[in-house]
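Those protein sequence lines, which keep their order, are chains A and B. Using my numbering, you'd call the opening residue of the first sequence number 16 and step up by one each time. Using my numbering, you'd call the opening residue of the second sequence number 25 and step up by one each time.
Take the hints with a grain of salt, since some may be wrong.
[Said to hold, decoys possible] Residues from chain B that face chain A, not an exhaustive set, calculated with beta carbons under 8 angstroms:
#1 Asn34
#2 Thr35
#3 Tyr57
#4 Gln74
#5 His75
#6 Asp77
#7 Pro117
#8 Lys149
Simulated from the structure, these hints should not be mistaken for lab results. Built from N, CA and C at the ideal position, the CB exists for glycine as well.
One letter stands for each residue in the lines below.
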Amino acid sequence: MTGIAAIDGGMSYHTRTLREGAYAPLFSDLIELPDLPIANLTAHPTLLIPCRTNGARLAEHRAQLADYLAQGGFLVVMGETRPDLFLDGVTFDPVPTNFWWWLDPNADLGVRIASPAHPLMALLGRKDITWHVHGIIGLQEGGQKLAQWQDPENGGAILIDSSRGKGRLLITTLDPIYHHGSGFMPATTQFLDIFLPWLARTTAERRTADAND
Amino acid sequence: MRGRVLFLKNTVGTPRAILKPPGGHRIDIVDQYDLTPEVLEGTKVLLLGQHLDEHHLKGMQGFLEVFLEKGGGIAVMGPIAQRLLPVLSPHRPVGSGSRGDWILEIAEPHPVMAGVRAKDLTYRKGVVGFWARGTIPPCADAKILTRFAASEAAADWLWESARGGKLFVHPGNDVWGYVDEPNTSALVFPQLLDWMAA
Chain A
16 MTGIAAIDGG MSYHTRTLRE GAYAPLFSDL IELPDLPIAN LTAHPTLLIP
66 CRTNGARLAE HRAQLADYLA QGGFLVVMGE TRPDLFLDGV TFDPVPTNFW
116 WWLDPNADLG VRIASPAHPL MALLGRKDIT WHVHGIIGLQ EGGQKLAQWQ
166 DPENGGAILI DSSRGKGRLL ITTLDPIYHH GSGFMPATTQ FLDIFLPWLA
216 RTTAERRTAD AND
Chain B
25 MRGRVLFLKN TVGTPRAILK PPGGHRIDIV DQYDLTPEVL EGTKVLLLGQ
75 HLDEHHLKGM QGFLEVFLEK GGGIAVMGPI AQRLLPVLSP HRPVGSGSRG
125 DWILEIAEPH PVMAGVRAKD LTYRKGVVGF WARGTIPPCA DAKILTRFAA
175 SEAAADWLWE SARGGKLFVH PGNDVWGYVD EPNTSALVFP QLLDWMAA
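So that you can see chain B by itself, here it is in the shape it has in the complex (with noise of 0.2 angstroms):
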């Protein structure tokens, strides 16, 4: 049985794949200042996307890690700019801003990835960056996604705890973004929701 999907909405609109999510995923949004251990409650999965106010997500740690601790899981978005869990550290970027330093490519087997091409993470519209332009360094056990070629800096990455708990970690911009672009990069958000929910 699937899990409960939350979003942490703090904008004012809601982008459209969360809405409307894939897969036949439900996911219920609430507004970042009302989360709450109570909110947590029955939850499976917490969405953080790159809009959220960190000041606020550093104030609720705490009972962010016993979440994961416990069995949750936790979806990072964007360049974070806070160590909002003590495993996540600040993104720094990678290379020296040229096209070469962002070619992305796989690197371990994952169903978050399954099917997925390198070059069209890589490649928007034939340009580079947006997927990922920098890392979050990943913690020790973590196991690495996407990373960059030249550098081998990592991009996405996953960390699961030994109780269940599941974070995954994605530098650059939200993932539902993609969900409808005409190439692979359409099947991150919908397979990420089928391995964090199940």
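Excised from the complex, chain A in its bound form (with noise of 0.2 angstroms):
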């Protein structure tokens, strides 16, 4: 039981991720979407919002979410889902998505790593986070920008991790939940191939760590 639980909004994509495949034994418990208003957040110690999970059901929630992370719960926002509707203090401006800069074999689409010594970003590479921007991320109160799209105009963080209180938000605009249970978009196989068990692993940490408080 890795501890991980994960919104479940019934999208093809997230069956193949969640459901189906080398992924499926990392997730403790699928939350299906109308049952979270009955659900027990507090019995995760961390929660995934898997990509293009629907903002605007999840802001009928944005109590049950804050309290989540107010009682000392991690919670994983994913891209796509439109944070700013359902958390505090998070903002979020869409970009045009490039969906064709791989075109051109000389093309760089701006990515980049913020923290390189970031216990995740050190395992993984640019090419790893490199497909899409679909938009930037701000917290109000703060926290370590992990990546970040290089624009003179509409740049800014893609990847964040913060505290909040006891608890912990990572929140990313990237979509590799999507792509991946689409079957599209090689890289975003091999980013889940590194983030969640990565995920799986700092769940454990902080189950060990809370333990011993």
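Using the hints, put the two chains back together into the complex; each one sits in its own frame.
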């Protein structure tokens, strides 16, 4: 039991990532989105909100998610979820997605690792986080910027790790679960191959630390 | 007279081609979780896009079947992971991921694909695989509209019930996302609406 629960929005790419294939054993529990109001989130050390979960629906459960963080939960929010709709103190600025940048062999999407010493980023190379940029996030309470998009006009953070009281919020605009579960963009599978086992290890370490408190 | 078209919504935003449908069609938008048999009353066509909650849809299977049997039309988009209707199987990839696996060809002629060139479906800005990278295996009496040239696996297909029900199956990204393409792939969505709502 990894202690990672995930919200399951029921989309095909959620099913193929959360319920089928190599990553399924990494999830201790799946919470179908309509069941979120009755879910005991504090039973799960880590809660993952996968890519493209409907942020307008999550907004109806804003207080529940805030409570989860306040009580020490580790909330992981993936891309294309509109976290500004369901989390306090989060800004999201969409950017026009360049789906075609890689057609030029010399092109550079502009994604950069900002904190190479962070335990997650020590495992990820630039190519592992480079497929599309959908938007920029900001946290009013601050946090450690792990990756960014370089752009003279619209650049900013695309992956942030932060503390929220006893809780922890890891938030990104990257959408690897959508692409992996839809069977395209191999970099997204490479990202998940590194990210999800790291998340399981980090969850285990937090549990051990809590038990020793 | 054209029938009512209903789009089930499960995203924050709504695609432009749904808000402003082509060909003079009108599309009503309903939150997915508000779908009931009563909501389907008077509906001719139900559009099921690739971002819907399939657990929820599967729970609706009984009355979706009745809707189809009574002459309704259902358009299913995306690489579905669940058997949303008894005639549908989960999507499975075609080929081993190389470009040649996903070259499409037009199969049987049909108004939905009238005037559509296979190369406009196969290539998007020169990239292969956007239209389809796998198959939702067709039922026995399906009409195959497009298929993969190398494997002959079906891509787009449709099925009509004895009482006039119409099922259209597209195993890739929502076809309404193509209406602004500068080629014949833009014809598919308006022609699909024309055929299903007739």
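For each hint, the structure was consulted:
1. Asn34: Since chain A brings a Cβ to about 6 angstroms from Asn34/B, closer than 8 angstroms, the hint holds.
2. Thr35: holds (6 angstroms)
3. Tyr57: holds (7 angstroms)
4. Gln74: holds (7 angstroms)
5. His75: holds (6 angstroms)
6. Asp77: Hint on Asp77/B: holds, closest Cβ of chain A at ~3 angstroms, below 8 angstroms.
7. Pro117: holds (6 angstroms)
8. Lys149: holds (5 angstroms)
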